[in-house]
Every structure is written in C-alpha cells, then in structure tokens.
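Since the structure of chain A is provided, determine the placement of chain B on it from the hints.
The listed protein sequences correspond, in order, to chains A and B.
Just add 55 to wherever you are in the first sequence, counting from 1, and you've got this note's numbering.
Just add 319 to wherever you are in the second sequence, counting from 1, and you've got this note's numbering.
Certain hints may be false.
In silico DSBU-like links for lysine-lysine, alpha-carbon gap of 35 Å or less [what the hints assert, rightly or not]:
1. A:LYS121 x A:LYS64
2. B:LYS432 x A:LYS124
3. A:LYS64 x A:LYS144
4. A:LYS64 x A:LYS125
5. B:LYS432 x B:LYS451
6. A:LYS144 x A:LYS97
7. B:LYS455 x B:LYS432
8. A:LYS97 x A:LYS121
9. A:LYS121 x B:LYS432
10. A:LYS125 x A:LYS144
11. A:LYS124 x A:LYS97
12. A:LYS144 x B:LYS432
13. B:LYS432 x A:LYS125
14. B:LYS455 x A:LYS144
15. A:LYS124 x A:LYS64
16. A:LYS144 x B:LYS451
Everything labelled a hint here was simulated from the structure, so no lab data went into it.
The structure displayed is predicted, hence computed values, not measured ones.
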Amino acid sequence: MEITTTEYKNCDVIHPIGRVDSAGAPQLEAAINAVTQLGRHKIVLDMSEVTFVSSAGWWVLIGAQKNCKKHRGEVVLACIETGIRASLKLVGMDDYFRIYDEMTAAVGNI
Amino acid sequence: MITSITLHLSANLARLAQARQFIHETVQPGCSEEEFIYDLVLAVDEALTNIIVHGYENRDGPIDIQVARLEDGVEIILRDRAMPFDPTQAAPPNLSLPLEQRRRGGLGIYLVKTNTDALNYRRTEDGANELKLVKKYPTRQGKV
Chain A
56 MEITTTEYKN CDVIHPIGRV DSAGAPQLEA AINAVTQLGR HKIVLDMSEV TFVSSAGWWV
116 LIGAQKNCKK HRGEVVLACI ETGIRASLKL VGMDDYFRIY DEMTAAVGNI
Chain B
320 MITSITLHLS ANLARLAQAR QFIHETVQPG CSEEEFIYDL VLAVDEALTN IIVHGYENRD
380 GPIDIQVARL EDGVEIILRD RAMPFDPTQA APPNLSLPLE QRRRGGLGIY LVKTNTDALN
440 YRRTEDGANE LKLVKKYPTR QGKV
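Pulled out of the complex, with its shape left as it was, chain A reads as follows (with noise of 0.2 Å):
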C-alpha cells in the first residue's frame, strides 16, 4: 500500500492507495501516528483510492479517532467508496466520524 501524507496549514492530508487489510492496517497506523507525533491532530484521510477496509483498517481509524479528539482535533473521512462506507455503517462506526464526498470541503471543514 502506497501511502502519501501532505500537511497544509490547518490540517494533515493521508491519501493511502489500495486495500487496507490486517496486512495493510499497521501501515497506516504508523502514518496516521507519524503525523499526530509531531502535535498535529487534525487529519482528513482521503478514501478516494481505497478499494477494502478490513475491521482492522477500522480499528485503526477508530484509535485514531480517539487519540486526536483527546487533543482537541479529530479524523475526518472524505470520498469513501460506496461498498466501503457500507460496511463502515455495518459495523456501527459512522457515526464517529465526519464523512464528506468531496475533499475540499473535508479540509475546509475540519
């Protein structure tokens, strides 16, 4: 999985590129944690090119979540593929994050 991090002014962009399974998660963990080590805690993580997420790409997300909501900052999802953000509602996570369709409102908005 090919992971890109860009940091802009009022947050930090993840754009992971492929399947996030449990071979995959810890990858992402590690990216997610590069940036929230460096005090950042508000992160927009671009599904546009994410084609599977596994329960442990979620559970990822979801210490995340609660890593940067501790430090006043949050995880937000944008361009979330159909089957994806099915499942995400399946497992009852939804609701603990913003999901937008389009990144520019994701980054406006966080």
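Here is chain B on its own, set in the frame of chain A:
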C-alpha cells in the same frame, strides 16, 4: 453438476490479497454485482484473518479455500489445521457504544456473519476446522 475450485494457501497475512483475488475471480462469473462480491470478499478476508492470527497465532500452517458456485449463490469452505475454534458461537459486539468505550475485537466474526446468509462450523474427524460460508445471489440478479 456443481464443480468447485480450491486454492491452497499458507497461513500468512501477506497471502490475504491472493485469497481476495481468488474469491473475486471465481465468484464473478456467477454474479458481477459489486456489492455482492465486496461483501463476500470481506467475509472471507475476515474469516482468514481470524484463522491466521488467532487459530495459527501467526505461525505457518495450511489453509484451503474451496469455492463452489451454486444455482442461487456461492458456497465457500475454509479448512485449516489450527486449534479448534467455532466462530458461530462468538458473542456479537456491542455496536452502540460511544467512541471512547469501543474496544478492539469481535468485529471480524460479526462481519463474516452479517455478510453471509449461512455460516456453519465443524471439527472434522481428521482434526481440521471446517467453516462453510454461503451467500445467496441478490434476487434482482440471479445466476448468469
């Protein structure tokens, strides 16, 4: 006549991508609806992760994935030789907890159950775990 195709894998999280591709390719000729395939692939991925991480405890071991296309759906049988474990008996997770109280665990099996129409487990006489997942085709699109 129902024919089945089997993939032999070693228990390793790095093999999950190969397993997902195998499910996708064998299921698609029967039903090309993306939501159906995604749900089934996710169920198998979660079941395999459970076998690899909890059954084999991340040690090497054999896993067979057998896929059969039925008239009205797909049947997938996962066989492994890890310690006995019956996922059908696992307690469901509490999905209505607030964020701060959510704790890791239980979601994988929940996704296996909710993304399939039937889930059966048996320990075979020769000491293997056999988990059978059945998912019916969506009613608006039957077998091609």
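Below or equal to 35 Å on CA atoms is what counts here, so check B:LYS455 against B:LYS432. 13 Å, holds
Given the hint that A:LYS124 pairs with A:LYS97, test it: the Cα-Cα distance must not exceed 35 Å. Holds, at about 9 Å.
Holds or violated: are the alpha carbons of A:LYS144 and A:LYS97 at most 35 Å from each other? Roughly 22 Å between the alpha carbons, so the hint for A:LYS144 and A:LYS97 holds.
With the threshold set at 35 Å, check whether the alpha-carbon distance from A:LYS121 to A:LYS64 stays at or below it. 22 Å, holds
Given hint B:LYS451 paired with A:LYS144 - CA-CA distance at most 35 Å: Holds, at about 25 Å.
What's the verdict on A:LYS64 and A:LYS144, does the C-alpha distance respect the 35 Å limit or exceed it? 31 Å, holds
Pair hint outcome, A:LYS64 versus A:LYS125 [Cα-Cα no greater than 35 Å]: It holds: about 20 Å lies between the C-alpha atoms, which stays within 35 Å.
A:LYS124 and A:LYS64 were given as a pair; does the straight-line alpha-carbon distance stay at or below 35 Å? 19 Å, holds
Tell me if the straight-line CA distance from A:LYS97 to A:LYS121 falls inside 35 Å. Given that 35 Å is the threshold and the Cα spacing comes to 12 Å, the pair holds.
Against the 35 Å threshold, does the CA-CA distance of B:LYS432 and B:LYS451 hold or violate the hint? Roughly 11 Å between the alpha carbons, so the hint for B:LYS432 and B:LYS451 holds.
Can the restraint linking B:LYS455 and A:LYS144 be considered satisfied, given a maximum Cα separation of 35 Å? Roughly 21 Å separates the two Cα atoms, so the pair holds.
Do the alpha carbons of A:LYS144 and B:LYS432 lie within 35 Å of each other, as the hint requires? 15 Å, holds
The structure meets every hint from the earlier list without exception.
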